[in-house]
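Fit chain B to the supplied structure of chain W, relying on the hints for placement.
Protein chains: 2
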Amino acid sequence: MSVHEYTMLLLALGILLFAARALGELADRFGQPTVLGEIAAGIVLGPTVLGRIAPDTAAWLFSLNGPRGTAMDGLFLLAIVLFMLVAGLEVDLSTVWRQGKSAAFVGIAGTVAPFAIGFAVAWIAPGWLGYDEGTSRFIFAMFIATALSISALPVIAKTLMDLGLYYSDLGMVVISAAMFSDVVGWILFALILSLMDVEAVHSGGIGTTILLVLGFAAMMLTVVRWAIHRGLPWVQAHTSFPGGMLGLAFATALCCAAFTEWAGVHAIFGAFLAGVAIGDSPRFRNHTRTIIRQFVSSFFAPLFFASIGLKVDFLAHFDLPLMLIVIALACVSKILACGFAGTMAQLPRREAWAVAFALNARGAMEIILGLLALRYGVINERLFVALVVMALVTSVLSGISIPAVLKHAKRRKIEDFLSSKTYAGELRGATLQDAIRELSANVALAAGLESSALSGATLEREEIASTALGNGVAVPHARLADAKAFCVGAGISRTGIDFNAPDGKPAHVLFLLVSPQQDDGAQLDILADVADRFSDPAFYEKAAAAGSYTEFLAVLRTRGN
Amino acid sequence: MSVHEYTMLLLALGILLFAARALGELADRFGQPTVLGEIAAGIVLGPTVLGRIAPDTAAWLFSLNGPRGTAMDGLFLLAIVLFMLVAGLEVDLSTVWRQGKSAAFVGIAGTVAPFAIGFAVAWIAPGWLGYDEGTSRFIFAMFIATALSISALPVIAKTLMDLGLYYSDLGMVVISAAMFSDVVGWILFALILSLMDVEAVHSGGIGTTILLVLGFAAMMLTVVRWAIHRGLPWVQAHTSFPGGMLGLAFATALCCAAFTEWAGVHAIFGAFLAGVAIGDSPRFRNHTRTIIRQFVSSFFAPLFFASIGLKVDFLAHFDLPLMLIVIALACVSKILACGFAGTMAQLPRREAWAVAFALNARGAMEIILGLLALRYGVINERLFVALVVMALVTSVLSGISIPAVLKHAKRRKIEDFLSSKTYAGELRGATLQDAIRELSANVALAAGLESSALSGATLEREEIASTALGNGVAVPHARLADAKAFCVGAGISRTGIDFNAPDGKPAHVLFLLVSPQQDDGAQLDILADVADRFSDPAFYEKAAAAGSYTEFLAVLRTRGN
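Chains as they are written, first to last, in the numbering used here: chain W, 1 to 561; chain B, 1 to 561.
Isolated chain W, as found in the complex (with noise of 0.2 Å):
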């Protein structure tokens, strides 16, 4: 490269990570997906909009062309890659088993109906859906069904978190079945892509690639999976933190996306299943992959989501009808889908449509999707931008739906709950299954409960994953038939115990929550509203230091009410 291809690479870049991040930040100002404002950066910046104000400033800034593209172009590369390892880290199939049948079933509905909805009119009325002669028309319904039938599991937890939902037992019925519909949704895509026959770098055709791709896809989720799950614990104790886990995390990953891509189908699978086989074992700590999250969230993924916007006209290829069919086909298969699975496995109606409406956000999952279907050439640019406006607007109508789908009349508060009888004060323990023992002693002879149920009950919760909040807050709840009203405990651990949380603190502020079989969404009440008064760390550490129940209690009374 010359001395002005590099100029003009470092410039580029330097730019667009400006806009992205800045967009990005403003979406997230508004309680909108980050992508949102990540994708709209390169709309201004691409053909879209500069390229039709200038275009000369467009094609010298943002030339694709040249030794600089193709730098670019692997920068790009490396970008999806890595988003899709995170992605795949969050992924945590212990806890898909886990959960209970609801979030199984939901999981399957979730998948199966728009699958076949999107199968059945792709295949009937191809036409609608902008779908070009030539490409094989199984082929494009295989795509339409799957394109329906993901989620994006990313943009489904910020939202959860963002609404203090996560950690409730509506969280983890989404997403697990989230995850269900991501792991399924993308091992499809990889044997559509597979059937294609698309330009590969072996040369066994479609039948090697297929075989290649489920093998290897079994390979990760078993053998290699076990075997990372086994060296964790050495590398975590003999490397540095985060960089020992940080360098074989991206290592794998960059091994695995070549495998993938050597393979016939993309890249990214490769790097997908490398984040599931990492993520999924239980030694792997929250806070690594946080660390990890923030690495690749805040320069990679606007990098690379940025670009999008300067290889596509997002005017040229608008067509409204076409989008409108999309986004009705894509809410009215996976909300109507979801929300019934939810009703018949027995969830409460208001959480039943509160799970449909936050599966049915598409976010970053659909674009990427709609990237490859672009460059393999199973979609053309009017459908691709029609996926991406679709992904956008489900995601952005999950954040507003679900608060609305689930109001309440008046929000209940932590200390409508607590008693200086289930306060169980300073905590002695020093572990997680001692001061769950502990609050759980107080709160079961309050609540007339066999103390030794409520902790198994507690501690299997904890199990499937980790309550902790983060900023020294952790939520351990359980859901118990004998309960006859819901209530809360609350305990303080001056030393502070692990919880593994998401940013490594330990945890010195506890509540025990218990909840009858059928609680009317008070534990989603508490649980948002402890989420949000504690996002303020004054108010944490005045209610960590507090000596006893009253002064707890007027520490509650500060914020918040």
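Be aware that a few hints might be false.
Said to hold, decoys possible - Computed Cβ-Cβ distance ranges for the label pairs, DEER-style:
1. B/Glu463 to W/Ala538: 57 to 63 Å
2. W/Val3 to B/Ile400: 37 to 43 Å
3. W/Gln517 to B/Gly31: 22 to 28 Å
4. W/Gln433 to B/Ser94: 26 to 32 Å
5. B/Glu551 to W/Ala538: 27 to 33 Å
6. B/Asp532 to W/Arg350: 52 to 58 Å
7. B/Gly66 to W/Leu61: 23 to 29 Å
8. W/Lys407 to B/Gly66: 47 to 53 Å
9. W/Ala554 to B/Asp520: 48 to 54 Å
10. W/Asp503 to B/Ala485: 51 to 57 Å
11. W/Trp60 to B/Pro537: 52 to 58 Å
12. W/Arg375 to B/Met219: 24 to 30 Å
13. B/Leu336 to W/Ala538: 36 to 42 Å
14. B/Gly31 to W/Trp60: 16 to 22 Å
To be verified - Covered stretches of chain W, going by a simulated chain B footprint (3 or more residues, C-beta under 8 Å):
15. 3 to 17
16. 122 to 136
17. 279 to 285
18. 293 to 305
19. 436 to 448
20. 462 to 469
Stated by the list, open to error - Some chain W residues close to chain B (C-beta under 7 Å, calculated; not the full set):
21. Pro67
22. Phe250
23. Cys255
If you are wondering where the hints come from, they were derived from the structure by calculation, not from laboratory data. Don't be surprised by glycine CBs; every beta carbon is placed ideally from N, CA and C.
Chain B alone, transformed into the frame defined by chain W:
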């Protein structure tokens, strides 16, 4: 790029990253700089080893030609730009200004003397240093001079941290002097490059380049630095953590890098100065600095340093006599200059020589300097290899020799200087100022000092640079002419106090150290003792939970005696 090119790019990066991180961790385990392992990984995978054993495999894996070579070239450029941003962020010019005369004296002498010696030797006997006829002898001599005078701030800081000396007065002298020689050295090198009439994008010739470089440096260190200082609170308050600051720092570095590349010197100067301008603001949090450093040093830096081994055959260009001359010249000029300057600045004799050995480390900076000189044809590959070896040897030497120089008959412990009178128990204050005042009151009473003088001097020292070790421990300290003997105070804060720690955690265990004008190394011993014992989180938690002086003392006696 074709599918084959994508595959090989991902595979090459995956293998390179894995090898570099693995050998980097290995070097770290033996107390050596990570860069040593990273370069070794490149040497093993490059023409030096793999290229000799299996030339076909080496060519197949790491071919630097074709599109994937271009993509890797772009990625390595990005990596070095981000690495230099981090190097710049570590520089805090205000620390240099606020340090006493001894730091300035050592800094100037340790930069000027090696520069003069290097220039003289290279000018008089260029043949000894592998000078090739054809390049300008003046530019060659200027380069050798700069190469000898520069220090490796990141390596030096890491070595001092490992030895527990970073926060001592000795450490501050070393760090300030290294910052000074870094900034001066890089600006000098930029001027040398601009003298060379290298290919530039603008067409103004040498004069314009020099003006651009000096003007840019002046702007970055004044106006831009001020603007960033003013803008930081807004950015930190209104964007996500750490994504907002990461995005801003990276985007700024990329744009500044593009500018200096355009101006006709290398991109790294822009990135380095961007780092200095950002990192200089006292409002820039140490925690953000740590995150950016982790981000770069676990992904970009390993890839970049390993790539050096891919480009140069270290065996074919190995020239032992040249290497010995370069090492001898580097060590003699730097160590003697700094050692004598330190002695003249009235540092205790042992400390003066410890400073000299610390500043002798050349590490990563020398290698980057050499690589650019090689690229622009100032030096040949023999001299480059000699410089790389010199950089590594001086860095390793520095870690070994400092403890040897400082060695005492008996290492003193915290409890040798702590008494029930200077133990303040639970601190009531919630701010850094209040906590230091409380600690000072106790210590001043016991040591017969004026409390306000002690707290004033301690706060002044804290202004220069935070004394938080991280992990909840801080060691504020002061040197007072009135103090008769070295004295240690301690206190516990239940709520934690924000000391601007590198890991962002509030300090719960605080030690206040008071030194007389000459303290025979007691401060160094105690700082090393605190750093060593409190590196164990379990020990820290026990200490933080101590309820009385007796309990605190009992905890201290459980470890390190």
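*Return holds or violated for the Cβ distance of W/Asp503 and B/Ala485 against the range 51 to 57 Å.*
violated, 42 Å
*With a cut-off of 8 Å between beta carbons, are at least three residues of the segment 436 to 448 of chain W near chain B?*
With 0 residues closer than 8 Å to chain B, the segment 436 to 448 of chain W misses the three-residue bar; violated.
_Quick check: does the Cβ-Cβ distance between B/Glu463 and W/Ala538 fall within 57 to 63 Å?_
Once the Cβ atoms are compared, 24 Å apart, the range 57 to 63 Å for W/Ala538 and B/Glu463 is violated.
_C-beta pair W/Ala554, B/Asp520: status relative to the range 48 to 54 Å that was hinted_ = holds, 52 Å
*Falls inside 37 to 43 Å, the C-beta gap from W/Val3 to B/Ile400?*
41 Å Cβ-Cβ, so the 37 to 43 Å window holds.
*Are there three or more residues in the segment 293 to 305 of chain W whose C-beta lies within less than 8 Å of some C-beta in chain B?*
holds (count 6)
_If I claimed the Cβ atoms of W/Trp60 and B/Pro537 lie 52 to 58 Å apart, would that claim hold in this structure?_
holds, 54 Å
*Status of the hint placing W/Phe250 at chain B (closest C-beta pair under 7 Å)*: Constraint on W/Phe250 satisfied, holds at 6 Å.
*Determine whether the Cβ-Cβ distance between W/Gln433 and B/Ser94 falls within the hinted range of 26 to 32 Å.*
violated, 49 Å
*Within the segment 279 to 285 of chain W, is the number of residues with a Cβ closer than 8 Å to a Cβ of chain B three or more?*
That given contact is violated, which follows from only 0 residues of the segment 279 to 285 of chain W lying within Cβ reach (below 8 Å) of chain B.
*Can the segment 462 to 469 of chain W be counted as covered by chain B under the rule of three residues or more with Cβ-Cβ separation shorter than 8 Å?*
violated (count 0)
*Satisfaction of the hinted span 47 to 53 Å by the C-beta atoms belonging to W/Lys407 and B/Gly66*: Distance hint for W/Lys407, B/Gly66 is violated at roughly 59 Å.
Taken one by one, the earlier hints fail for this structure at numbers 1, 3, 4, 8, 10, 12, 13, 14, 16, 17, 19, 20, listed in ascending order.
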